[in-house]
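So the sequences go chain by chain: A and B.
Letter by letter, the first sequence follows residues 1 to 69 of this note's numbering.
Letter by letter, the second sequence follows residues 70 to 463 of this note's numbering.
Hints may be right or wrong, so weigh each one.
If you only want the chain A side, here are some residues facing chain B, beta carbon under 7 Å, derived [to be verified]:
{"#": "1", "residue": "Ala30"}
{"#": "2", "residue": "Gln31"}
{"#": "3", "residue": "Asp34"}
{"#": "4", "residue": "Phe38"}
{"#": "5", "residue": "Thr41"}
{"#": "6", "residue": "Ile45"}
{"#": "7", "residue": "Leu48"}
{"#": "8", "residue": "Glu49"}
{"#": "9", "residue": "Ser50"}
{"#": "10", "residue": "Phe61"}
{"#": "11", "residue": "Arg67"}
{"#": "12", "residue": "Asp68"}
Everything labelled a hint here was simulated from the structure, so no lab data went into it.
We treat Cβ as the ideally placed atom computed from N, Cα and C, and that holds for glycine.
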Amino acid sequence: MQLDIQVQAAHARQDSAALAELYAAGSATAQTLDEQCFLATQAYIFALESNHPLAEQLHAFLVQNRRDA
Amino acid sequence: MEPFSDLEAVQNPVARARGLANAHYTDLSVYEVEKHALLFRQWAGLGVAADIPQIGDAKPVDFLDVPLVMIRDRSNRVRVFQNICRHRGMILIDAPKKIEGAIRCPYHSWCYATDGRLISTPHVGGPGINTHEDIDRDALGLIEVASYIWRDIIWVNLSGTAPAFEIAMAEPMERWSEFDQPLFHGGADSRFELALNTNWKLAVENYCESYHLPWVHPGLNSYSRLEDHYNIQSAGCYSGQGTTVYRQLTGNRAEKFPDFKNLSSKWNQAAEYLAIYPNVLLGTHRDHAFAVIIAPLGPEKSIEHVHLYYATDATEPTLRAQNTAQWKSVLEEDIFVVEGMQRGRHGPGFDGGRFSPAMDAPTHCFHAWVAKTLTEAQNEPAQHSPASAFAPAP
Chain A
1 MQLDIQVQAA HARQDSAALA ELYAAGSATA QTLDEQCFLA TQAYIFALES
51 NHPLAEQLHA FLVQNRRDA
Chain B
70 MEPFSDLEAV QNPVARARGL ANAHYTDLSV YEVEKHALLF RQWAGLGVAA
120 DIPQIGDAKP VDFLDVPLVM IRDRSNRVRV FQNICRHRGM ILIDAPKKIE
170 GAIRCPYHSW CYATDGRLIS TPHVGGPGIN THEDIDRDAL GLIEVASYIW
220 RDIIWVNLSG TAPAFEIAMA EPMERWSEFD QPLFHGGADS RFELALNTNW
270 KLAVENYCES YHLPWVHPGL NSYSRLEDHY NIQSAGCYSG QGTTVYRQLT
320 GNRAEKFPDF KNLSSKWNQA AEYLAIYPNV LLGTHRDHAF AVIIAPLGPE
370 KSIEHVHLYY ATDATEPTLR AQNTAQWKSV LEEDIFVVEG MQRGRHGPGF
420 DGGRFSPAMD APTHCFHAWV AKTLTEAQNE PAQHSPASAF APAP
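Let the sequences and hints guide you as you build the complete structure.
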């Protein structure tokens, strides 16, 4: 629940770097692979936008799970 | 629309020529034809590189209703793209900004690199699945517009059909080759805009000639007289005027702007003012230069974006502000003229007017270019169809 609130706040202030980190944290604790990949995708997009160093490992995770190229 | 009936008379020698008919200044359908023939198919001025000085800087510009964005990419190259996502046609960037990493579409977050490549398509194959066999990212990059930087101006050829810039603009580039050296934009105090209730062509036509100087610019004429000016014209490319008595601006402590380097002695007292067809007005002097980019906003509205440049990045602010004020005053003196001619184009008895054979040759040169270009376009109707223009390669 706390993560949801933080995500909403980061969206409200259009803080892409924070969104990358928050979604990545959500992905790391998600219960299913589909949920992990959904949240990793969200994190990856905001990492791309903000040039966040997380982008590389998020992309690698998605490719490894055949969710990205 | 019906073929133009006035173009032959416009292309007569200056002594016998008529000017363009009223419809070229007032009629929306003519404006649309001219938009394609005279602007989209040429190398037109869009903006200045000084607007996007740092890597990642992006500035959206609507040019004749086409949404474009100027971007300085990761390799420090200025590029111009259509400002639309290849997914749903959403506007990508709606205000000047710094692209820190990728350009993210605000709708479904498709992401593009600053060089235009489509690099991510989130959830395109379903939630958490970012690829789909039918979505070829390599074929869905941003639609790039041909562009070229000369004298800091970002020139664009929207149709992609013009000759290479260096070929199309070989003559003015050669004419001012001595000034082919770094230009430093004066910054925030060296730019301004003038909104004009006039067709864009009248701003070009007025700029071309010195005939009006004694009447409209008496201050300028007090030291640079009409007889000190000469006409400049090159059919199909540019025209303008020069003076042989340029006098440098001098501050209260006798300070002056530093000169551009290694100029020939001609430029000690000379200055030249060129209208580069279609929509860019340039001026150069030993110690500064300026550029006016005319953005047409409709048949009877335009805006002039004015930028002043210097030979170094360390000019004196007070003198710079004085120079900006001086040029602003001169260009403002022209407003009643271009707006008055525009109102005059609603007089049904006006037949396009006549030209002074001695004084109006540069203006007629522009009219003749317009007439010739429109004549050629009329003979190639399929090539300037709005529907087919600017489409990406299949």
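Structure versus earlier hints, numbers of those that do not hold, lowest first:
1, 2, 10
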